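Just so you know, the protein sequences line up as chains Y and D, in that order. Note that this note's numbering gives residue 148 to position 148 of the first sequence, counting from 1, and the numbers run on in steps of one. Note that this note's numbering gives residue 154 to position 154 of the second sequence, counting from 1, and the numbers run on in steps of one.
Just so you know, the hints here were simulated from the structure itself, not pulled from any lab data. As the structure is a computational prediction, the values presented were derived from the model and not from experiment. Treat the hints with care, as some may be off.
What the hints assert, rightly or not - Quick look at which bits of chain D chain Y covers, simulated, 3 or more residues with Cβ under 8 Å:
| no. | stretch |
| --- | --- |
| 1 | 5-12 |
| 2 | 47-56 |
| 3 | 104-112 |
What the hints assert, rightly or not - Calculated pairs, EDC-like style, for lysine to aspartate or glutamate (alpha carbon to alpha carbon, straight line, at most 20 Å):
| no. | chain 1 | residue 1 | chain 2 | residue 2 |
| --- | --- | --- | --- | --- |
| 4 | Y | K115 | Y | E76 |
| 5 | Y | K115 | Y | E154 |
| 6 | Y | K151 | Y | E123 |
| 7 | D | K272 | D | D255 |
| 8 | Y | K115 | D | E79 |
| 9 | D | K2 | Y | E30 |
| 10 | Y | K115 | Y | D68 |
| 11 | D | K2 | Y | E29 |
| 12 | D | K227 | D | D149 |
To be verified - Computed spacing ranges between beta-carbons, pair by pair:
| no. | chain 1 | residue 1 | chain 2 | residue 2 | range |
| --- | --- | --- | --- | --- | --- |
| 13 | D | P4 | Y | V71 | 40 to 50 Å |
| 14 | D | G66 | Y | D53 | 26 to 36 Å |
| 15 | Y | S5 | D | P172 | 37 to 47 Å |
Yeah, the Cβ is synthetic: ideal placement off N, Cα and C, and Gly gets one too.
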Amino acid sequence: MIDISLTVNGERVSACVLPRTHLVDFLREELCLTGAHLGCEHGVCGACTVRLDGEIVRGCLVLAVQADGSVVETVEGLSDSGEIADLQQAFIDRNALQCGFCTPGMLIASQDLLKAGGVPSREEIREHLSGNYCRCTGYHAIVDAVEATAKAREAAR
Amino acid sequence: MKAPAFDYLRPSSLDDAIKLLGAHPDAKLIAGGQSLLASLNLRLSQPSHLIDIGRLAELRGISVNGGVLRIGALTRHAETMASPEIAAHAPLLTQAIHHVAHAAIRSRGTFGGSLANADPAAELPACVLALNATLVARGPSGERRITADDFFTGLFETALAPDEILIAIDIPVATPDGVHGFQELARRSGDYAIVGLAAAGKRSGTHLSELRLGWFSVGTKATLAPKAAAALIGPAASLARASEMLAEDLEPHDDLQASGATRMSLARVLLKRVITAMEVAA
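I would like the entire structure built from these sequences, with the hints used as guidance.
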């Protein structure tokens, strides 16, 4: 077991973990932050996407011990802070989710693109979300929601 | 699945990492971990220890010195993508890196890790072959320079000794007459390619010289196609002949995505696209 200390959604967390524990399992099972989902567990589906030191990562391809000393943000943190409130509302307005399993990953990956500013093209949106699988929506409504949010944010600047 | 159990070590210097590697023959190095953790989760690998070199500052940095671009082994793909030095001196890499996985993986995956992993379907091994790079490794007895041509020895196999660590990649800087091209075919953007080509050379008027064609996802390792490249050099260049010569250079494999014959056919399509984009007479 190895001691780690990190910041999760703004709170300092110290824990003792097995080296083989993935970041996403640590978040879900130790901290009860179950927003990040486990899909494929080998880096293909993107359901476990979280933010690590400001950048999006696969929660299944990072060990909890590697996140020692880092800042982690999950969909719960982004929701509570209001950072993605407009994006979440756009997902609801456009039915950009059905079962919702991929949605936390979609939101975090989308916000990663949106926080760069400007209005990305639909191609750029699709490219940035290419690492996130959705098996329900066919993606169209998701791209609509991201594009609408980008336009609304740009208009409000 | 979950990864098998292993011990975790985080050395604070490169020398310590090399010592640990020597002391634990069944250990594996972890840098970004974007291939290794997937293979651990799939239980394709069961190391005794992971030696985490991901925080070693000695392995970071991008610099240009005396006509050589040096890329530290721990340079993350996102850094490669954003680097003005790389865009100026090895534009092939800037073009290719967009095809390497997805944003959430490029934020962790490293240049050196991709090379040392030597996945035959990865883009960067083919790129360093095309760019005639030299890979710098360090072991207990010091540094060793290995040409890209000699580095990739087989399926996930390299010329690195068990106690050596890849520390940097040296690439001759692009000259004003330099040309490059990159193409890959994949089912989904960011997925491993069905077949791909990274090419670099020099152009004078409408003629090519020093052309190197680095192929990936064709056979068991990243491979140069010297006979096809030779057919594209100078005033007698012929794309049709180069296309034929690919059959002598490449040994495309069959897998669930495509048969070897399909791969060869697609390789010829990519060769035509890349050479045509270079605007030379062939």
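Hint by hint, here is what the structure shows:
1. Under a criterion of three residues with beta carbons nearer than 8 Å to beta carbons of chain Y, the stated coverage of the stretch 5-12 of chain D is upheld, 5 such residues being counted.
2. Judged by the Cβ-Cβ criterion of 8 Å, the stretch 47-56 of chain D is covered by chain Y as claimed, because 3 of its residues qualify and three suffice.
3. Against chain Y, the stretch 104-112 of chain D contributes 4 residues with a C-beta closer than 8 Å to a partner C-beta. That satisfies the three-residue criterion, and the hint holds.
4. Note on Y:K115 and Y:E76: the hinted pairing holds, with a Cα-Cα distance of about 18 Å set against a maximum of 20 Å.
5. Taking the CA atoms of Y:K115 and Y:E154, the gap is about 11 Å. The hint holds against a cut of 20 Å.
6. A threshold of 20 Å between alpha carbons decides the hint, and for Y:K151 with Y:E123 the separation of about 15 Å falls inside it, so the pair holds.
7. Between D:K272 and D:D255 the alpha-carbon distance is near 24 Å, which puts this suggested pair outside the 20 Å criterion.
8. With a C-alpha separation of about 18 Å, the suggested pairing of Y:K115 with D:E79 holds against the 20 Å cut-off.
9. With a CA separation close to 16 Å, the supplied pair D:K2 and Y:E30 stays within the 20 Å bound.
10. Between the alpha carbons of Y:K115 and Y:D68 the distance comes to roughly 25 Å, so the proposed pair goes past 20 Å and is violated.
11. This hinted pair checks out: D:K2 and Y:E29 have alpha carbons roughly 14 Å apart, not beyond 20 Å.
12. Among the hinted pairs, D:K227 with D:D149 is consistent with the structure: their alpha-carbon atoms are about 15 Å apart, no more than 20 Å.
13. Against the hinted window of 40 to 50 Å, the Cβ-Cβ separation of D:P4 and Y:V71 comes to about 29 Å, which falls outside the hint.
14. Restraint check, D:G66 to Y:D53: a C-beta distance of roughly 34 Å satisfies the suggested window 26 to 36 Å.
15. Range check, Y:S5 to D:P172: about 44 Å between beta-carbon atoms, so the 37 to 47 Å window is met.
The structure fails to meet hints 7, 10, 13 from the earlier list, while all remaining hints are met.
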